[in-house]
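Undergrad: Using the sequences and the hints given, assemble the complete structure.
Note that the numbering used here has the sequence shown beginning at 2, numbered continuously upward.
Accuracy of the hints is not assured; some may be wrong.
[Unchecked claim] Simulated DEER-style distance windows between Cβ atoms:
id, residue 1, residue 2, range
1, Thr106, Trp185, 25 to 35 Å
2, Ala77, His160, 28 to 38 Å
3, Thr99, Gly221, 17 to 27 Å
4, Glu201, Pro85, 50 to 60 Å
5, Thr325, Glu374, 20 to 30 Å
6, Ile204, Thr106, 53 to 63 Å
7, Asp327, Phe76, 20 to 30 Å
8, Arg139, Thr384, 33 to 43 Å
9, Ala394, Pro323, 26 to 36 Å
10, Gln385, His160, 54 to 64 Å
11, Asp122, Arg219, 17 to 27 Å
12, His160, Phe76, 23 to 33 Å
13, Pro108, Asp72, 50 to 60 Å
Since the hints were made in silico from the structure, they are not lab data. These figures come from a predicted structure and were not determined experimentally. Ideal Cβ placement from N, Cα and C applies to all residues, glycine included.
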Amino acid sequence: MAEADDRPGYSFDPGPPPEASRFLANKGWQPAFSWLDVEPEEHAVAFSVAKATSLDVLGDIRAELQTALDDGLPFAEFQKRLRPRLQARGWWGMQAVTDPATGETAPAKLGTPRRLRTIYDANLRSARAAGQWDRIQRTKAALPYLAYRLGPSERHRPHHAAKEWLVLPVDDPFWQTWYPPNGWGCKCWVMQISRSRAEELGIDDSPVIDTREWLNNRTGETKMVPVGIDPGWDRNPGAMRQAAMQGFLERRVADLPEAQARTALRDMASSWLVQRVLAGRSGAKVAVGFMPPDIAEAVGNRAAFVRIADEYGAKVGSKAAPVTPDVMARVSEAIVEGPLARDRRRGQDDLLVMVDGIEPWIAIIKNHPATNEFWIKTIHRTTQRKWLADLAATDVEQLR
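TA: In structure tokens form, the structure reads like this:
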């Protein structure tokens, strides 16, 4: 393992990288009584806070975390904004709460300054690390190695300190488990480096990951967890999100739980590659959503995915109303469950998808039954009145 000075390398900066923002924004919801009720795989795709079983409380916490991440707010400002909201909802201090698993009611700490600090640190560090993993995968051809680094803590866990300057390829299985943060309060990180820098430091053999038994007192389940990593932190959330998206692309939809499927959809649509397509400079054809089989069958098409390509990408949206990653994620969800109609006016065969919200959008999808393809033609702002006018037109049939 290398001993080295701290030369510049590739790491996430303290600002709000878009990949980190999307990691948090694209999550589903997972109300839970205890953190022990939620598996690491679920944490990667769904937002959860122990004892925040009300969606109102969970929504307040999530909204302020998103703002803190996007705007770079320090903890003091996050707490100043969130604490009054939680107090107004009665989610603060010691309260009598009922455990849904046992039916027992007992006093428990809900919101406290210490809990808010834990919530802030755990969620923002995980989001930034997952966002960095996304960038690592995009740039690994040029920077194919990672070096394990210790954070600025005064004291370090011995097993973490032992891995300082461990250098391994990006795709080494070690990073599926030991990709930081690796525990509550862990500030470790990875630095992405070139092959020449890795050779200079010394490339290590992939370590054997020792494990220990750990009993989940909530479920009674005994699991093997890596020595040196806190239970629940032994998975790479960025890699799990990418695996969910890859599984979706490989059409293993039935194998994905609903929360993972929805998150995979949002991740696909708001990915960096789709943003390049929208700029007309990717040269790629990218899946941005899943077409439900009943809709595909109704229009004589067997395609499973809706795609977008450069030739359409440059026409999508406008300077006045650009199609952002958030809009693309909403379009992706609307294709699955939003209002949808078939438009055969003027000799066309298109699907109109209404994207509801405070600012409604409409996505127009070209139906190619002869080649079994669906293509995004355009996405632009609309109004409810225009949507109803479209539905009332001859040769427009509402399918959902």
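Undergrad: Now tell me, hint by hint, if it's right for this structure.
TA: Now for the hints, and whether the structure bears them out:
1. Thr106 <-> Trp185: 25 to 35 Å: 27 Å, holds
2. Ala77 <-> His160: 28 to 38 Å: Distance hint for Ala77, His160 holds at roughly 32 Å.
3. Thr99 <-> Gly221: 17 to 27 Å: Check passed, 20 Å falls within 17 to 27 Å.
4. Glu201 <-> Pro85: 50 to 60 Å: 52 Å, holds
5. Thr325 <-> Glu374: 20 to 30 Å: 25 Å, holds
6. Ile204 <-> Thr106: 53 to 63 Å: 56 Å Cβ-Cβ, so the 53 to 63 Å window holds.
7. Asp327 <-> Phe76: 20 to 30 Å: About 25 Å separates the Cβ atoms of Asp327 and Phe76, which means 20 to 30 Å holds.
8. Arg139 <-> Thr384: 33 to 43 Å: Holds, at about 37 Å.
9. Ala394 <-> Pro323: 26 to 36 Å: Hint holds: Cβ distance 28 Å, inside 26 to 36 Å.
10. Gln385 <-> His160: 54 to 64 Å: 57 Å, holds
11. Asp122 <-> Arg219: 17 to 27 Å: About 23 Å separates the Cβ atoms of Asp122 and Arg219, which means 17 to 27 Å holds.
12. His160 <-> Phe76: 23 to 33 Å: Given a distance of about 27 Å, which is inside 23 to 33 Å, the answer is holds.
13. Pro108 <-> Asp72: 50 to 60 Å: At 35 Å between Cβs, range violated.
The structure is inconsistent with hint 13 alone, although it conforms to all the rest.
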